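With chain A held as given, fit chain B onto it using these hints.
There are 2 protein chains.
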Amino acid sequence: MKIFLAQQNYHIGNFDKNQEKIIEAIQIAKSKNADLIVFSEMSICGYPARDFLDFKDFIDKCFESIDNIKEYADTIGVIVGAPDINPVREGKNLFNAAFFLYEKEIKGIAHKTCLPTYDVFDENRYFEPAYNWDTIEFKGKNIALTVCEDIWNLGDNPLYRVCPMDILMQRQPDFMINISASPFDYTHDEDRKATIKSNVLKYKIPLIYCNAVGSQTEIIFDGDSLVFDKDANLCCQLPQFKEELKEIILNDDGTVDAPVIEPAAAVPGLIFEPLYFTPELNISQVYEAIILGIKDYFSKMGFSKAIIGSSGGIDSAVTIALACEALGKENVRAILMPSEYSSSHSVDDAEQLSKNLENPYDIIPIKNIYEEFLDGLKPVFNNLPFGVAEENIQARTRGNLLMAIANKFGYILLNTSNKSELAVGYGTLYGDMAGGLGVLGDCYKLQVYELAKYINSKKETTPAGRQVIPGNIITKAPSAELRPDQKDSDSLPPYEILDKILYQYIERVQGPKEIKSLGFDAALVDRILKLVNRNEYKRNQFCPIIRVSPKAFGTGRRLPIVGNYLD
Amino acid sequence: MKIFLAQQNYHIGNFDKNQEKIIEAIQIAKSKNADLIVFSEMSICGYPARDFLDFKDFIDKCFESIDNIKEYADTIGVIVGAPDINPVREGKNLFNAAFFLYEKEIKGIAHKTCLPTYDVFDENRYFEPAYNWDTIEFKGKNIALTVCEDIWNLGDNPLYRVCPMDILMQRQPDFMINISASPFDYTHDEDRKATIKSNVLKYKIPLIYCNAVGSQTEIIFDGDSLVFDKDANLCCQLPQFKEELKEIILNDDGTVDAPVIEPAAAVPGLIFEPLYFTPELNISQVYEAIILGIKDYFSKMGFSKAIIGSSGGIDSAVTIALACEALGKENVRAILMPSEYSSSHSVDDAEQLSKNLENPYDIIPIKNIYEEFLDGLKPVFNNLPFGVAEENIQARTRGNLLMAIANKFGYILLNTSNKSELAVGYGTLYGDMAGGLGVLGDCYKLQVYELAKYINSKKETTPAGRQVIPGNIITKAPSAELRPDQKDSDSLPPYEILDKILYQYIERVQGPKEIKSLGFDAALVDRILKLVNRNEYKRNQFCPIIRVSPKAFGTGRRLPIVGNYLD
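Just so you know, the sequences run in chain order A and B. Those letters in the first sequence? Residues 12 to 578, by my numbering. Those letters in the second sequence? Residues 12 to 578, by my numbering.
If we strip away everything but chain A, and leave its shape as in the complex, we get:
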């Protein structure tokens, strides 16, 4: 059987564009005499469509699109993902479904059973879990068709009380097809391969796994679609972070006509070992994910140009370099806004960076505006000493300048805050926390340095023979430069310690006792956890953050603002 995997990037709610993409792939597959083509989960409307699913009009449009696509599914079987209606009175009104189209008809529908409702996922908000299961007959074969999480209910701590593949196996299927929208994180890659392989080892039939690709606001879907033969040899692996249309031949005996990429023995079984924090973790994947995240955010929002505040520090340098790669250097405008507290090297370093990257930049000193603010506030502030208020005025003046230029010329302001500072609230709301998209907000400070080194190693020299990110930006001590001789280390522990404590608390969901038992200073742990919880109100107003870790600030981490835990 000749099967095409269509690993595509969809735009949520853009039915015309998604449909066009799907039909185009069907046409290509048909021209190559394919038997079947497989698209990813919710390919019709994009994933996650969130509360758009509450609109009858939105669901109607999904069915219209399926009707249109059906006409192209004449001699070829087509599997697409879309919501389906629950005909039963009790329960939610929708299913998350895979539609099997053939001979211009809907020949079968598989409903998703295991509905992820954790982290960034809210599927129980919209869908009823499947309560009927059946295989699909197609050209003499019996197919076990499932949706994403339905093949994830394995291992030591299964999240669900039903295992749909166990039920489907009673119908003796010839092979499995799973359509997914499974997002990237820098610990997830091997988990996924292991999980999918575990199904093949358990059920002893081939598995075709088609995943979505593309970024949806903050969530990166990385593709990486896979095919395992009946012996659990990995025979096909589509690229990460890219669209691809791939043909495979699945033989009647459960083998695949393709050289084995990884033999069954080489791919480890199910391992969900907790990963301890090392800043180097898959840094090249993190880089690719962020590039895709920037690219898709701009194109899906209908923008092409970014503006970024350039401080001469590591965070803005890495953000600018990433933006230049994603959008083209001519589309990235850096704004240097020195104050009286900026060191001379800050401006030099920031200028050198943009000279290396060849992106446009401007210098707008903030001294006069800042002084005018102080002047206006004099009757209220009287002669109170310099403090956080004065620091924040500077940061917010910069935010105002950046947004003004963005508004004037149609830029999106990219935010440069890293995860370490967002965690402890070391940033100014409406100041350096302003922006439409958080580029580094899911990377700890040490990871930002790793990204800088990776960027320099990728493109070692500019035409002028220099490293892209000037060495001085990487080696100097981090500073907000909002008061004389300020250093991050005045207020925060070294990032080598801070990042590890944060990783335990945020990614690994460890409480104070467990973190202290790892040998960290008890008072420091208490102080850091309190800072994280206290600053929920700030992060709550932050822009979407490109998600690269297993636990990003944003839709995947939901804490009460008025809570008083560890506080």
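Because the hints were derived from the structure by calculation, they are not lab data. Just so we're clear, the structure is a prediction, and the values are computed from it rather than from any experiment. Possibly wrong hints are sitting among the right ones.
The list treats identical chains as interchangeable, and a pair is accepted whether it falls inside one copy or across any two copies.
Quick list of in silico lysine-lysine cross-link-like pairs, DSS-like style, CA-CA up to 25 Å [unchecked claim]:
1) Lys366 to Lys389
2) Lys32 to Lys541
3) Lys118 to Lys257
4) Lys241 to Lys204
5) Lys389 to Lys419
6) Lys464 to Lys215
7) Lys316 to Lys541
8) Lys498 to Lys213
9) Lys378 to Lys419
10) Lys389 to Lys378
11) Lys527 to Lys67
12) Lys41 to Lys253
13) Lys340 to Lys306
14) Lys340 to Lys389
Relative to the frame of chain A, chain B by itself:
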């Protein structure tokens, strides 16, 4: 049987304080020889605790607290709400549970079956639905104990496939107790009474319903605990928006020793009719809810003083009046920040308002700062004509001034944006959209006028014999005053039309076809819906909004930012 209902206001994660409150009520009930005292859902840790529930340490603290409270449950039965551990390997690790404490032991635990996962609720994210049900024997009585939503699975379109009360009735209980954390909205009051009554009509045994009170960030729990006798007469109704400890006597024959407040016939059966928008809808309740929302946000965040930008317009006037009522006039500082585009009456009206309310205010003109911004931007802006960028600079200058004063003196900035403008994006990010709490963000513009009239009617004259909110603020045409002679009506349809279209789209989740069929202009509907969807990115960075409607912007409404639906 003498039963106490403890309608209390908890602080999420503040175990000591919640425990103290619970023990204090138990002591009072014991001193009056009560048999039983009932606390609300998740009384131990506060509701909703969200992802704090993912921390083992948090769950341990819940059990420690139950252990402590148990010691006081010697001669009295005590029902408290807390998470419980799921002993089964498959499924989520926790239940949402009601613990029955007596003779210093946990005598029974009821797990919640129907887990709300819609609007602001995420219970499937944390909890496994109950799969075992039993009644609880206590002093010769058989009690059907349930948690909140478990008695809501009635009516035409039940959300769940299981009805736990149907199962519990097989054990022939003598009466029902339901512990809840059921939030307020301005359409919900009668629904709730009708739903609870419908259970009594169906099962023909008395029902004791204990609801939480208090605001948790954006969600207002309004109390309104109820007792129905076996004949569905309403015999006891606790106040809305207030804590109360109430004694009732439930007789062996299912009657209650209390005068009937509403006879069975007077309380309507189950009605879930969609409500059409009228700005007057329960405006006194909206007022009380907002007052509680402000009060609790400040006290739970550990603040006492608010700062508010005072423009002379209706939104800031109503916000300042509400804040004065909630926090005391001496704790509300108004800042008037006129620009060259401010009309003279704006400053006069804003001053008059603060004179009427007797709250402190300052005037800080923004002209010089604004001009310094324009000066700094001249090399970048060249001589491009005045536009949105210049308007936003003014709004963001005001945001910066307000935040600077807030930072200096420890105020929380209260935001004055109304729901109509938040919906269509008629506001400046980091400018008038700045603030820690959205006071009016769930009230349409027409409702803000109703609030103003209500405030004036409540406290008709100040000591000087004037209405609190000056008449001119109510009668003049709304304007942002960011360019010469600007009026809201330059960019937006009349609020009488806009608000109704928005209500259909947001609260009633109607699509473009349905809204047009109500007679609104088709092009206008398309334009408005597009504006709402396009401005998701702005609202995503907005502060929490005190929720008073059935569909507020915030955790209860989740839309993709990069979506392209109706856009």
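Against the structure, the hints:
1. Lys366 to Lys389: Answer is between; shortest inter-copy Cα gap is 23 Å, intra-copy 40 Å.
2. Lys32 to Lys541: between (48 Å within a copy, 24 Å between copies)
3. Lys118 to Lys257: within (24 Å within a copy, 61 Å between copies)
4. Lys241 to Lys204: This pair counts as within: shortest intra-copy Cα distance 15 Å, inter-copy 59 Å.
5. Lys389 to Lys419: between (31 Å within a copy, 12 Å between copies)
6. Lys464 to Lys215: This pair counts as neither: shortest intra-copy Cα distance 44 Å, inter-copy 72 Å.
7. Lys316 to Lys541: Between. Shortest inter-copy distance 23 Å satisfies the 25 Å Cα cut-off; intra-copy 38 Å does not.
8. Lys498 to Lys213: Neither way: Lys498 and Lys213 sit 55 Å apart in one copy and 68 Å across, limit 25 Å.
9. Lys378 to Lys419: both (22 Å within a copy, 20 Å between copies)
10. Lys389 to Lys378: This pair counts as both: shortest intra-copy Cα distance 16 Å, inter-copy 15 Å.
11. Lys527 to Lys67: between (51 Å within a copy, 15 Å between copies)
12. Lys41 to Lys253: Within one copy only: 22 Å inside, 68 Å across.
13. Lys340 to Lys306: within (13 Å within a copy, 50 Å between copies)
14. Lys340 to Lys389: Between copies only: 24 Å across chains, 43 Å inside a chain, cut-off 25 Å.
In terms of the numbered hints stated before, the structure departs from hints 6 and 8, listed from lowest to highest.
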